[in-house]
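K.L.:
When you get a sec, could you build the whole thing from the sequences and use the hints?
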Amino acid sequence: GENVEQHPSTLSVQEGDSAVIKCTYSDSASNYFPWYKQELGKRPQLIIDIRSNVGEKKDQRIAVTLNKTAKHFSLHITETQPEDSAVYFCAASIDMGRRALTFGSGTRLQVQP
Amino acid sequence: DSGVTQTPKHLITATGQRVTLRCSPRSGDLSVYWYQQSLDQGLQFLIQYYNGEERAKGNILERFSAQQFPDLHSELNLSSLELGDSALYFCASSVHLNTGELFFGEGSRLTVL
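So the sequence lines, in the order shown, correspond to chains S and B.
Per my numbering, the first sequence runs over residues 316 to 428.
Per my numbering, the second sequence runs over residues 443 to 555.
Incorrect hints may appear among the rest.
[What the hints assert, rightly or not] Think about it this way: if two alpha-carbon atoms lie no more than 35 Å apart in a straight line, the pair counts; the simulated DSBU-like pairs of lysine-lysine are:
hint: 1; chain 1: S; residue 1: K337; chain 2: S; residue 2: K373
hint: 2; chain 1: S; residue 1: K383; chain 2: S; residue 2: K357
hint: 3; chain 1: S; residue 1: K352; chain 2: B; residue 2: K451
hint: 4; chain 1: S; residue 1: K337; chain 2: B; residue 2: K451
hint: 5; chain 1: S; residue 1: K352; chain 2: S; residue 2: K373
hint: 6; chain 1: S; residue 1: K383; chain 2: B; residue 2: K499
hint: 7; chain 1: S; residue 1: K357; chain 2: S; residue 2: K386
hint: 8; chain 1: S; residue 1: K386; chain 2: S; residue 2: K372
hint: 9; chain 1: S; residue 1: K337; chain 2: S; residue 2: K352
hint: 10; chain 1: B; residue 1: K499; chain 2: S; residue 2: K352
hint: 11; chain 1: S; residue 1: K372; chain 2: S; residue 2: K357
hint: 12; chain 1: S; residue 1: K383; chain 2: B; residue 2: K451
hint: 13; chain 1: S; residue 1: K373; chain 2: S; residue 2: K357
hint: 14; chain 1: B; residue 1: K499; chain 2: S; residue 2: K373
hint: 15; chain 1: B; residue 1: K499; chain 2: B; residue 2: K451
hint: 16; chain 1: S; residue 1: K352; chain 2: S; residue 2: K383
hint: 17; chain 1: S; residue 1: K383; chain 2: S; residue 2: K373
hint: 18; chain 1: S; residue 1: K383; chain 2: S; residue 2: K372
hint: 19; chain 1: S; residue 1: K383; chain 2: S; residue 2: K337
hint: 20; chain 1: S; residue 1: K373; chain 2: S; residue 2: K386
hint: 21; chain 1: S; residue 1: K352; chain 2: S; residue 2: K372
hint: 22; chain 1: S; residue 1: K337; chain 2: S; residue 2: K386
hint: 23; chain 1: S; residue 1: K372; chain 2: S; residue 2: K337
hint: 24; chain 1: S; residue 1: K352; chain 2: S; residue 2: K386
hint: 25; chain 1: S; residue 1: K357; chain 2: S; residue 2: K337
hint: 26; chain 1: B; residue 1: K451; chain 2: S; residue 2: K357
hint: 27; chain 1: B; residue 1: K499; chain 2: S; residue 2: K386
hint: 28; chain 1: S; residue 1: K337; chain 2: B; residue 2: K499
hint: 29; chain 1: B; residue 1: K499; chain 2: S; residue 2: K357
For the record, the hints were derived by calculation from the structure and aren't laboratory data.
Please read all numbers here as calculations on a predicted model, not as lab measurements.
P.N.:
Encoded structure:
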């Protein structure tokens, strides 16, 4: 099955700085890579996703990059704000395949005001 | 509000007991997924159903079972409970199979004493 590794496990940045979270996956057949944000005591929510036919996707202050050759994808958050503080999970799956999303272990991001 | 309803929100029980967690997916969603989140842990995939049929299994213990009913609601049954089963159990739903956004419920927090 798929194995998704996520780093770092915790990340502390100053408000206004950028944050980068990195993930690697093991199954070269994986082609769908979403990122979920989980605020304290709340449910995970999708913030951005990317499919393997593109290398980068942006949505305002967040962006995701994908390197299929290295089986590596990253989440970039620019101009961080205190409300960005949460646990972020990367995940991988085969679109329409017989395997559900495999999540990484999560990164706890703390944005210091 | 994601549209996914999970009951109960909190459950406290003793070792050796059996509990049932219930999930109602978003209207129109055919796929239901169950994930387990232990303290400070990631989201571990348990099992997935699509339109009433089991489609994928993760690291689900033999003591655990699930089903999806004709009205598309799902139940996760946990038996012979152990202390280590204490966790937050999330149900999620999506329109299609293993593609697009997963909509998570608020979770059922199980405490085994």
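K.L.:
Compare the structure with each hint and give your call.
P.N.:
Hint by hint, here is what the structure shows:
| no. | hint | in the structure |
| --- | --- | --- |
| 1 | S:K337 x S:K373 | holds, 16 Å |
| 2 | S:K383 x S:K357 | holds, 32 Å |
| 3 | S:K352 x B:K451 | holds, 20 Å |
| 4 | S:K337 x B:K451 | holds, 32 Å |
| 5 | S:K352 x S:K373 | holds, 16 Å |
| 6 | S:K383 x B:K499 | holds, 26 Å |
| 7 | S:K357 x S:K386 | holds, 30 Å |
| 8 | S:K386 x S:K372 | holds, 16 Å |
| 9 | S:K337 x S:K352 | holds, 14 Å |
| 10 | B:K499 x S:K352 | holds, 24 Å |
| 11 | S:K372 x S:K357 | holds, 26 Å |
| 12 | S:K383 x B:K451 | violated, 40 Å |
| 13 | S:K373 x S:K357 | holds, 25 Å |
| 14 | B:K499 x S:K373 | holds, 33 Å |
| 15 | B:K499 x B:K451 | holds, 24 Å |
| 16 | S:K352 x S:K383 | holds, 23 Å |
| 17 | S:K383 x S:K373 | holds, 18 Å |
| 18 | S:K383 x S:K372 | holds, 14 Å |
| 19 | S:K383 x S:K337 | holds, 14 Å |
| 20 | S:K373 x S:K386 | holds, 19 Å |
| 21 | S:K352 x S:K372 | holds, 17 Å |
| 22 | S:K337 x S:K386 | holds, 11 Å |
| 23 | S:K372 x S:K337 | holds, 15 Å |
| 24 | S:K352 x S:K386 | holds, 22 Å |
| 25 | S:K357 x S:K337 | holds, 23 Å |
| 26 | B:K451 x S:K357 | holds, 12 Å |
| 27 | B:K499 x S:K386 | holds, 24 Å |
| 28 | S:K337 x B:K499 | holds, 26 Å |
| 29 | B:K499 x S:K357 | holds, 25 Å |
Checked against the numbered hints above, the structure breaks only hint 12 and satisfies the rest.
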